[in-house]
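Participant: Single-letter residue listing:
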Amino acid sequence: MTVHVLARHRRLFSSLAAFVLLVGAGLVVRWSMGYRPHFHGCGKHRGLTIATDVDVSPDFQRRRLVEDWNRTHPKEPAALIEVARSTDTTRSQIAAALDAGSCAYDVLLVDVAWLPEYAERGFLAEVRDSWMDDPADFVPQTMATGRWDGRQYAVPWFTDAGLLYVRKGEKAPGSWDELLRRGYAAQLENYEGLTANALEVIWNTQGAAVLSGDAGGVDVKTAQQILSGLDRLAGAGPALSASRAYMEDGSLEAFASGRAPLMRNWPFAFRALTADPRVGSGFDVATLPKPGLTVLGGWDLAVSARSEHRAEAGRLIDFLTGRDSQHRLFVCGGFTPTRTSVFDDATPCKDPKYTSGELPAPERFAQFATTLKAALYQARLRPVTPYYAQFSETFRGCVEQVLNARAGVRGAARPSPGTLANALTAALKGERGGC
Amino acid sequence: MSSEGGPERPNRGIQRLTVLGIAVTLFGVLVGVYHGWLLSRPWWGQVLFVAGSVGAFVVSVPGGWARVKAGFGRAVVAVAGVVKWSWPGLAAAAFAVPAVFVVPGLSGSGGCGADLRVVTDAENVASLTAAAQRYVAEKAEHGCPGMTVDVAGDAPTDEVKNGFARGWTSPDGEDCSLAARATLLGSQPDVWIPAARTIAEGMRPYGTCSAKQNPLRAKADLDIGGSVGSSPVVMGVFGDADRQDLAGDQGRQSLAALLHVFSADQVLNSVARPSPDTSDSALLATPVLHQALRNGWAGGDREPVEKILDQSRITAGDAASMLCAFRDDDAAGKNPPGDVAVIVPEDLLARYDHGDVLTAGTGCRSGPPSQKWRLFPYYTTDLPVLDHPFVHVRWPGEDTARRDKAVADFRKWLDGGQLAREGLRSVSGKLPTENGAVRSLRDGHVVPDAVPPHRLRGDAGCVGSLQEVKDCYAGARPAYPLSLLVDVSGSMANPVTKGGPRLGRAQDLALRIVGDVRPTAPTSLFLFSAVTRPETGPVASSGSEAARPGVQAAIQRAVTNGRDLALTTAIEQAAGRLQRGKQTLVVLTDGQAPSTNRDAAAQARDLAGRLRADKPGLRLLIVPTGPGDCGAEPVASIAAAFGPGSCIGRPQAAVEDLVSLVMADVFWG
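Protein chains in written order, with the numbering used here: chain V, 616 to 1050; chain C, 100 to 768.
Just so you know, not all the hints are guaranteed correct.
Unchecked claim - Below 30 Å or equal to it, Euclidean Cα-Cα: the simulated DSSO-like pairs (lysine-lysine) are: (1) V:LYS690 / V:LYS783; (2) C:LYS260 / V:LYS659; (3) C:LYS511 / C:LYS260; (4) C:LYS504 / C:LYS311; (5) C:LYS311 / V:LYS659; (6) V:LYS783 / V:LYS659; (7) C:LYS260 / V:LYS690; (8) C:LYS681 / C:LYS406; (9) C:LYS183 / C:LYS168; (10) V:LYS988 / V:LYS786; (11) V:LYS659 / V:LYS690; (12) C:LYS681 / V:LYS659; (13) C:LYS311 / C:LYS260; (14) C:LYS529 / C:LYS511; (15) V:LYS988 / V:LYS965; (16) C:LYS406 / C:LYS714; (17) V:LYS1044 / C:LYS511; (18) C:LYS504 / V:LYS1044.
To be verified - Examples of chain C residues toward chain V, derived with CB under 7 Å: (19) TRP184; (20) ALA229; (21) ARG233; (22) PRO244; (23) SER276; (24) LEU277; (25) PRO495; (26) ARG502; (27) GLY589; (28) ASN593; (29) PRO594; (30) ARG662.
To be clear, the hints were calculated from the coordinates, so they are not data collected in a lab. We put the beta carbon where it would ideally sit given N, CA and C, even for glycine.
Just chain V, with the same shape it has in the complex (with noise of 0.2 Å):
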């Protein structure tokens, strides 16, 4: 009876058979052709390690820390992995490295414009709420950083904020016109620091921080606004223009050595500047003229998905977190906490081994805590989105066309409402556009 069955329907079971094969042996040929690795496995080790770029902090106090879990877990010893000075060298390493699956990397130092990049792309494993002591007396702020998509991806570390700077002798500026037309040293380098101040000129000149965090697209109205504002900036004092050539280092020289009295940086900015004998306490601290919005920055620490000793890595992030760990960080190695605890308790630092003058002041250190938490308090996102460093790139790019044609320079022209608009939303979507 099978045989006659099969007899019958002899070519259906002749087609099936031929397709199979032939499918079969294109699958095979379709093996062969691949990519055959040189070398198998994600990386797997022993301990935990960190991801970081490279620690310029005054005595390396991240280091110290790390050492520190180390005394304290033999079992779980950890291992700092610093991969460059440059942000986007160590983005690009993290980033790469996640890409390809590598399970190298335990916990990873996030750069808060990062976040939604790596977690769109799964980068991340999801915090647990053991990993997180006291998220209460996290700086709503930073906790926001750490978040993507309604979900929480990071604990915030350390964290930034714009400050005014202001020689002795000299007054603070009471409102941005002011502060515009005398000029001050800021960060107008095409590079990061541009979107930055760029970003807070445009947010307290036109009074709304627009280009901040969800930003879906940009409308022409808001384009307008944009324009205003980048307006302002070029229009400002001569020492803007020479701001133009400077990063974080060339404006605090510039204000180190009296050619600037006035200076944007961030906080690391007071230890440097305390510690200069040019300058010494001579200076005050102030938060940016009202409103007084300043861009948030800073890193956040997150658990690698490909790490293959997650409740581990957990358990460093509670303890680099933790308030302790912090406040070490802040009043021996100038960063600036996350939990709002320990902006209250601005104890000097503890080590002997720092001469009175080496170190801030214990009053002078107070204040300058008190301002660096009001500063925080105003703090606004950069733009949220998985695409930050198009946006950034692009951003950059239409501000130093504004920058250039009002400096007369040959080429340049100040793009549109429009031109801006399209510009920008194409840039928040990952798409490639300029002005």
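Once you've looked at the hints, dock chain C against the given chain V.
Facilitator: Only chain C this time, still in chain V's reference frame:
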């Protein structure tokens, strides 16, 4: 003819032997061709070649062709039968099989959206960054957004070699285990484009750490491909020395002959090149320079020639840095050193004259130079031609098809002559039409249409490999002992204005200095503070290449640990541990404060006097890390006591530039 196997047996035996001989010969040829050439061909080319080879074999065997024809006939009959009964299935397979090769999930993912990490010779960073930006923009336009290409400059060759051998970590004296801290040399490259193939071939990782022992320390796999563009190293002169009547036919003279005619006419008095410790173009040009200058200005050995080069008025870490310094001097209204010739790559000279970007970072002006600061290239037969090979680097834990495709795609794009727009010539040395910068040098000046790459030229025994080049260069510098005295007091924890703690800058300087001394030169490291006193001896020392990583590791491990130890006390204690003889003691410090260095001037005068008597060969060199410089007390008084040139203070200088000054002083000061 044989009925019982007589004469036929020998015939069959001969036939079998013939077939065996042909098969073995063909197989051997195939294997050789396959590994040497065929592997680089596309897969269909390989199939055709193998099929053709097999066909040739079959035809060559006696009776083989007849058998093939008969077999072919039987196969045709069989296939006809299969088609008759299976044509519906075959028709369906005609659609399904191509899908296997096209559908992404089945065909394997492309390299779209990958983050590529590119490391290149430091002098090439600006060009490659510009090219990478164009590549990323093109990919985005063609439906592949989110791609990033990060370009960074590479470290000196010794560090790079160690890096490829040990997970791209900087030397830290560790074995295959991972210390509490490891510093990478930057992001691990997927693509490495060094200055020349000589450099690439000298980098074969020698490491003993396997991925199983420690994947974070394992060695890389290097696949050295072909060139992506070339650039001859040229002799550049300023306007006053631009004498084409002296040069004769461009590119037909040796460097020695060219220098001879220029110096005979008193047009040029000296030659400058970037530091070979950090500039690969300068390193590769050094054998020719030694040969040319020995025959011209210095005569005799290499050492006096190297002294002339090291003590040039123009010093810089690399050619880009040198040309950036020219732009700064031009902007400041200074006059160029018109009697000095500079040895730099043609593409950089062209970008300089064209006003293009020279470095990827900040701090270097752009814009064309004023007329008096223009540089004019002169070509020789023996200066090296940089051929920039493309090296595909694979790392344990990251070796995937997707990454492989991304690298291959970038390579294919570069192979289209994309670097011509950044000033490079073609692979064969021809000047492409798109190379506007070099073509613009033709404005009143001869620039050859072609400068073909050639083997490295110079003294015999100095050009056969990278190691030979480095040995000859190192051998031309004296092997005097060098001791480092590094301040680890509390103030060194504070930042310098360039960023980072002062100790960090001191460590960067110390690491470079140790890397630049001759491997056989005795090297010692002392640390000093109120807690760590030099009188107890050095924390590390070396007298060989093998022992050097130990000193480098000790430098990296240094931390601040106490209050100030007065500078004169520290110097005295360290000097007390040194032998007699010609040597240098380099002090790396932020200069401390007068309050912790009371009566420094008198103490320094007293100490200097005693040391001149006890150790007349000892030279002191203070290098402030910043923010203070040589004019700040107590450094100013101490330097004054030890004589002119006892302090080199450039707190704002890049580490490479400062170290080249320091080393020139260490070797010849």
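Participant: Each hint: holds or not?
Facilitator: Status of the hints after comparison with the structure:
1. Among the hinted pairs, V:LYS690 with V:LYS783 is inconsistent with the structure: their alpha-carbon atoms are about 52 Å apart, more than 30 Å.
2. Taking the CA atoms of C:LYS260 and V:LYS659, the gap is near 24 Å; set against the 30 Å cutoff, the hint holds.
3. As the CA atoms of C:LYS511 and C:LYS260 are separated by approximately 26 Å, the hinted pair is consistent with the 30 Å bound.
4. Proximity of C:LYS504 to C:LYS311 is assessed by CA-CA distance (about 26 Å); at most 30 Å being required, the pair is judged to hold.
5. Distance restraint check for C:LYS311 and V:LYS659: the Cα-Cα separation of roughly 8 Å lies within the 30 Å cut-off, and the hinted pair is therefore satisfied.
6. Under the criterion of a C-alpha separation no larger than 30 Å, the hint pairing V:LYS783 with V:LYS659 is inconsistent with the structure, at around 55 Å.
7. Distance check on the hinted pair: C:LYS260 and V:LYS690 sit about 33 Å apart at the alpha-carbon level, beyond 30 Å; violated.
8. The hinted pair formed by C:LYS681 and C:LYS406 meets the criterion: a straight-line CA distance of about 16 Å does not exceed 30 Å.
9. Under the criterion of a C-alpha separation no larger than 30 Å, the hint pairing C:LYS183 with C:LYS168 is consistent with the structure, at around 23 Å.
10. For the hint linking V:LYS988 to V:LYS786, the alpha-carbon distance of about 22 Å falls within 30 Å, and the restraint holds.
11. Restraint check: the Cα-Cα separation between V:LYS659 and V:LYS690 comes to about 17 Å, which is no more than 30 Å; the hinted pair holds.
12. A threshold of 30 Å between alpha carbons decides the hint, and for C:LYS681 with V:LYS659 the separation of about 50 Å lies outside it, so the pair is violated.
13. Distance hint between C:LYS311 and C:LYS260 is fulfilled; the C-alpha atoms sit about 21 Å from each other, no more than 30 Å.
14. Straight-line distance between C-alpha atoms of C:LYS529 and C:LYS511 comes to about 19 Å, which keeps the hinted pair within the 30 Å bound.
15. For the proposed pair V:LYS988 and V:LYS965, the alpha carbon gap of about 22 Å is at most 30 Å, so the pair holds.
16. Note on C:LYS406 and C:LYS714: the hinted pairing holds, with a Cα-Cα distance of about 24 Å set against a maximum of 30 Å.
17. Proximity of V:LYS1044 to C:LYS511 is assessed by CA-CA distance (about 28 Å); at most 30 Å being required, the pair is judged to hold.
18. Using a Cα cut-off of 30 Å, the hinted pair C:LYS504 and V:LYS1044 holds, with the two alpha carbons roughly 25 Å apart.
19. Because the beta carbon of C:TRP184 sits about 4 Å from the nearest beta carbon in chain V, less than 7 Å, this interface hint is met.
20. Interface restraint check: C:ALA229 against chain V, minimum CB-CB distance 14 Å, threshold 7 Å, status violated.
21. At a threshold of 7 Å, the smallest CB-CB gap from C:ARG233 to chain V is about 12 Å, leaving the interface hint violated.
22. A distance limit of 7 Å between C-beta atoms decides the matter here; for C:PRO244 the minimum to chain V is near 5 Å, and the interface restraint holds.
23. With a least beta-carbon distance of about 9 Å to chain V, the hint placing C:SER276 at the interface is violated under the 7 Å criterion.
24. With a cut of 7 Å, the hint placing C:LEU277 at the interface with chain V holds, because the nearest CB-to-CB distance is about 5 Å.
25. The restraint placing C:PRO495 at the interface with chain V holds, with a minimum CB-CB distance near 4 Å, inside the 7 Å limit.
26. At its closest, the beta carbon of C:ARG502 sits 5 Å from a beta carbon of chain V; the interface hint therefore holds under the 7 Å criterion.
27. Taken as an interface hint, C:GLY589 checks out: its beta carbon lies about 4 Å from the nearest beta carbon of chain V, inside 7 Å.
28. Contact between C:ASN593 and chain V, as hinted, is supported at the beta carbon level, the nearest pair being about 3 Å apart and thus within 7 Å.
29. Of the supplied interface hints, the one on C:PRO594 holds, with its beta-carbon coming within about 4 Å of a beta-carbon of chain V, less than 7 Å.
30. This hint holds: C:ARG662 has a C-beta 6 Å from the nearest C-beta of chain V, less than the 7 Å allowed.
The structure does not agree with the numbered hints 1, 6, 7, 12, 20, 21 and 23 stated previously, though it agrees with the rest.
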